[in-house]
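So the sequence lines, in the order shown, correspond to chains X and Y. Following our numbering, the numbering of the first sequence begins with 1 at its first residue and continues without gaps. Following our numbering, the numbering of the second sequence begins with 1001 at its first residue and continues without gaps.
Where hints are given, some of them may not hold.
Selected chain X positions facing chain Y (Cβ under 7 Å, derived; list incomplete) [claimed, not checked]:
#1 ALA46
#2 ARG68
#3 ARG70
#4 TYR92
#5 SER131
#6 ALA194
#7 SER204
#8 PRO231
#9 PRO235
#10 ASP261
Worth flagging that the hints you see were computed from the coordinates, not collected in a lab. The beta-carbon is built from N, C-alpha and C at its ideal position, and this holds for glycine as well.
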Amino acid sequence: MSHARGDLRRDRRRAGQHGSGPARPRAGGSSAAPRSRAAVCAAAVAMALVVVHIVLTAVFNAPNAAIRDRGGLGGVASAYIEPYLTQDYRMYAPDPLRADRALWVRATIVPTDGDALVTGWVDTTEIELASPARRMMRPQPSLQVAGRLVAAFYALSAEQRLASAEDYSAAEDLAPLQEGLLEADPNREDEALAFVRATNVAVSYGTQAARALWGEAGDVVAIETRVVSTPVPGPDGSEPATAPDGIGTGWRPAIDWAAQDDEAFAATFLAWAEQAGVRVGLGSAAGGSGTESGEESADDADQGVADEGGEG
Amino acid sequence: MSGDRGAWERLLAWLLDGHRASRGLAVMRIGFGTVTIAYVLMLLPQMSYAFGEASRWGEAVSRASPVNGYLWPVSEIFSRGDSDPVTLVKVILLLLVALAYAVGWHMRVTSPVLVAMLLGFATANPQVLSEGHHETLRVMLIFLLLADTSRVWSLDARARGRGRALPSPGVGAIRIAPWFPTLANNVAVILIGAQLCIAYVSSALWKLQGADWAEGRAVYYALRVDETALFPALNDALSHATPLVLIASLAAVYLPLTFPVLLLNRWTRAIALAALAAMHVAIGVLLAQPWMSLVMIVSLAIFVREETWAALAAWTRPRALRLWNRMTWRRAVRRQQARPGRG
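For reference, chain X alone in the conformation it holds in the complex:
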């Protein structure tokens, strides 16, 4: 009896070493309790579902469009994965960024007792990244806005890009911009709508930044945004292949949202601006550049509307 009890203790120790379940049956020795048919069937069904899940997940993440589109499997995979299992592993791929990006903003301000003024350009990304610790809280809104705007811009046709540079600040909303883009190229409606949506968030964010910086001087009535990409030097220390580049998107009417708390935005934004040492003054009615921070202004980096073959 004591010998059998000792065997049982040894078996229990071995069980603890291999996981928290019962001891595995020894090869050729006594077997565990027989499994129910329901358990075996459930295991078979579960494994079949697991295989299907793995295949669809792999197809969804496949970098090769031919694999995703084969037999319509890409559509099935997307329908299965989205929205709860949405995933994207294209990190620093296909190539990492080779440039520092920034969203620049300037505004037209109308004082209560004066003519409209055009402010200098402000680098909102520099303000958001004032604290190094902020870099951990990605994505920063200005960079998200900038990335979306650049991607939408380069999806437009050449005619639409020219139309996007027009001044639409006299309008009440972005409807004339949308009409202008569709008129320039009726075959790219989705791209036009995506650009209008990207412009909406860019101008909305710019309105908040402008109101925070210059709201005390008057009403913010128009916003212009610009995405500036400054290439980093090459690995051999050579100068970057291209000069600072940017995309300009023309003047747009300021955009407000009823649910937006301007003061709460300004409180945080101004605290970061002070930390970054950024102060941008008001220009003249002729639209001078009143930048006081000493930073390179977007005018210096501006190359106008980027060439069709350019890359942001």
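Assemble the complex: chain X is given as a structure, and chain Y must be docked to it using the hints.
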């Protein structure tokens, strides 16, 4: 045929004869709960700007996000129509649920509640809260719904240890068959392992589409971009260490690419796990990606053998207890000395 039958029997035994990776799952539970708490606490000082009333300017994009289509009531837990005080109360609740998750308290309720709250949290500002590490964390937490993550190293486990064994899930006398939770747990382990393999391989394949990675210079550019430099001077110094840049660029591609194969042998698996953990630490520190790195490192726990976790716990526990006793003894002595009129 006999070989196939043997393989099927071994698979059945693995699936049904006991919970697998209990300690690895516990590490994932503790890690994900802690990461969630740390991330939300870091966002709190700029809560309004990040996802409160000061962030509503992004509505044109937010309203088009697929997170708005989550099943009710998940989509209603957080709302972009809430005021900041209401949002703050909900965030505090989220933190408490994440804490309960980390310590493994009533996990049959806490786990689905945390998943629901995190999914709903994304609706507060989809641009900030639904991409990047949030996606990977969301997927893993959904898989963990199937697993028993509080079997060990949890308050639930302590309750069981006092002799109060938890019955199988059910209502009254109607209980789920005991093999079902075991099967679900082990399916979750497979799903998590497969997800990591797919993530690493697809990430590597995407990188191979570009010349910078294949030619060993990609890490240089990643280190030089200012928006991801937590320590710019360190990044600058490392970016000029050409051999290091070359090795890191190639390793960042070929280590993840070969990860599924390296798992097949015990020793190559250990080396691969250690190397990937080191890679994630480097990415977290040098490229300002701590959250994604932590989620991936914690997820890798699923591949560490139970024996290794048990040995690590056996080594750590007495030392942690000695340190705790020393700290509390010193605190008691200081308290004693601080009392007036006493020795």
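Hints, one by one, checked against the model:
no. : hint   : result
1   : ALA46  : holds (5 Å)
2   : ARG68  : violated (11 Å)
3   : ARG70  : violated (16 Å)
4   : TYR92  : holds (6 Å)
5   : SER131 : violated (10 Å)
6   : ALA194 : violated (10 Å)
7   : SER204 : holds (4 Å)
8   : PRO231 : violated (10 Å)
9   : PRO235 : holds (5 Å)
10  : ASP261 : holds (4 Å)
Going down the numbered hints, you'll see the structure goes against 2, 3, 5, 6 and 8, while the others check out.
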